[in-house]
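Start from the sequences, fold in the hints, and give me the full structure.
Here's the letter readout for the chains.
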Amino acid sequence: MIWVGDVLVSQGEGGVYNERMLGGARVWDPFRSKLAALYYLGKGIELTPEMCVLYLGAANGTTVSHVADYAEIVYAIEFAPRPMQDLLEVAHRRPNIVPIMADATRPEQYAPLVEAADLLYQDVAQPDQATIAIRNSAFLKHGGNLILMLKTRSVDVRKEPAAVFRDTLEALAAAGFTVAESVWLEPYHHDHAAIICRKP
Amino acid sequence: MPAYWFGDVDDGSCTPFSGDAREIAGRIRVIRTSMDAFVPLKWEQAVSCGICRDRAEYIAKLREACFVAAERDIREQYAGKDTELLHMVRTLDEMDTVINLLSERAMEWYQIRQPTFSRKYRRTPSHLMVRKIREKSRGALGSVAGQIEALSAARVDLAREVSSRANRVLPNSSALIGGLVAARLMAQAGGLAPLSRLPASAIQVLGAKTALFAHIRTHTPSPKHGIIFQHRRVHNAPRNIRGRVSRVLAGKLAIAARLDQYRGVAVPEFIEQAQAKIDAAGKDGSTEIRDGGEL
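Read top to bottom, the protein sequences are chains A and B.
Counting from 289, one number per residue, gives the positions in the first sequence under the working numbering.
Counting from 5, one number per residue, gives the positions in the second sequence under the working numbering.
These are computed hints drawn from the structure, not numbers from a lab.
Don't take every hint at face value.
The calculated lysine to aspartate or glutamate pairs, modelled on EDC-like cross-linking and capped at a C-alpha distance of 20 Å, are [to be verified]:
#1 K429/A / E301/A
#2 K140/B / E153/B
#3 K487/A / D40/B
#4 K65/B / E360/A
If you want it as structure tokens, here you go:
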């Protein structure tokens, strides 16, 4: 990852969402992006120029644009039409983003389009986040990594975030993932945890 | 035999799919893939398939098709009749909030200018107060009051439009509870399709989120009604049978929403029967409100 002093940046064309520029690079704000928060907490998977990333829950393409600055190619999956409009606009300017309008809970919809990925990044507001990750791990290379941004409030608002976190870890381990790291994204994002797993 | 966007691959041999981006977008939609024993595609397969010469060309072609597919899907989603109604309802609710806030503020301001003025013992409706403020105040306060009036006029127009559009988009629900309330229910559910999938019990308390979660968390009494309270048959009913009326009404609304979603036209015999059932539920002391189950 590229740091200018203690500020995380990515190298690419700016102006995507009026982000601040620093020495010609785009500042990647940990309060806006959960992935940036993860790097600020000293965890996460190093993004490399030959990396193929499958990104579930691409939303408006804010974080996607930073990931695309680092990686070789990003397959960005988004379901809702309104954010998809924005994602298309971002993808028009970045030739290494493949925007796909599909439902991450139904990987068969985009299976004919996506290559095997080095990194599976998931940030979806759905109740069954572990199941989604497990189903999409079909696209992950052996030895590839999963970064799951767990929105505990989307799973079940009545449950304690810590309990949701524990259940998700168990489900991932039971599905054959090796949990490498897990961390709460405080103080950047509340009730959000990041889980990093390896597919053996 | 795995089918990918660029062609069908079978034991190393590949049948390319020849077509432009639009045709590929069509193909993406119809390919059926099983995720059991699924093998992700390799871009080199597309080269040997004769679709492209190198990786750059592969990505460019794939992207072109994905853009076409996504733009098509967005257009189709927006073409749903309920999408615009959804925004109309939300705009209406936000206008209400803004008009109320501004009116309250203008009133407070006006009282400062007129130390002898009080609203106590007056039954002046808010809109007449705003008119008075406009007529009597100079400068910014007068023009703010004028803007509130203009906004209120726009709100009336919008409410009329919401109502008439709801009559078209939600003919059965609107017949039961009126276009405006039907549209609000639909907006709260997030669209006609989500509304049609809700159980009657959820429709009954739609819009009573705070009370519902207080009930789940701290076991306060459960809410009897949400948005449907706005309908006269619920709020005019005697307090002791309001719960019954809203339950029966919600039950019929759940059916109405499904008719709206899947038939899209008014079904007079359903509406007639449903109205009778709901009216019967509203009769104090009536015990015979069993549902026959037809429709």
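Does K65/B pair with E360/A here, judged by a C-alpha cut-off of 20 Å?
With a Cα-Cα distance of about 16 Å, the restraint between K65/B and E360/A holds, given a limit of 20 Å.
Would you check the hint for K487/A and D40/B, treating anything up to 20 Å between C-alpha atoms as holding?
holds (17 Å)
Hinted pair K140/B and E153/B, Cα distance within 20 Å:
Within the cut-off at roughly 14 Å; holds.
Within 20 Å, alpha carbon to alpha carbon, are K429/A and E301/A?
Answer violated: K429/A to E301/A is near 30 Å, above 20 Å.
The structure does not agree with numbered hint 1 stated previously, though it agrees with all others.
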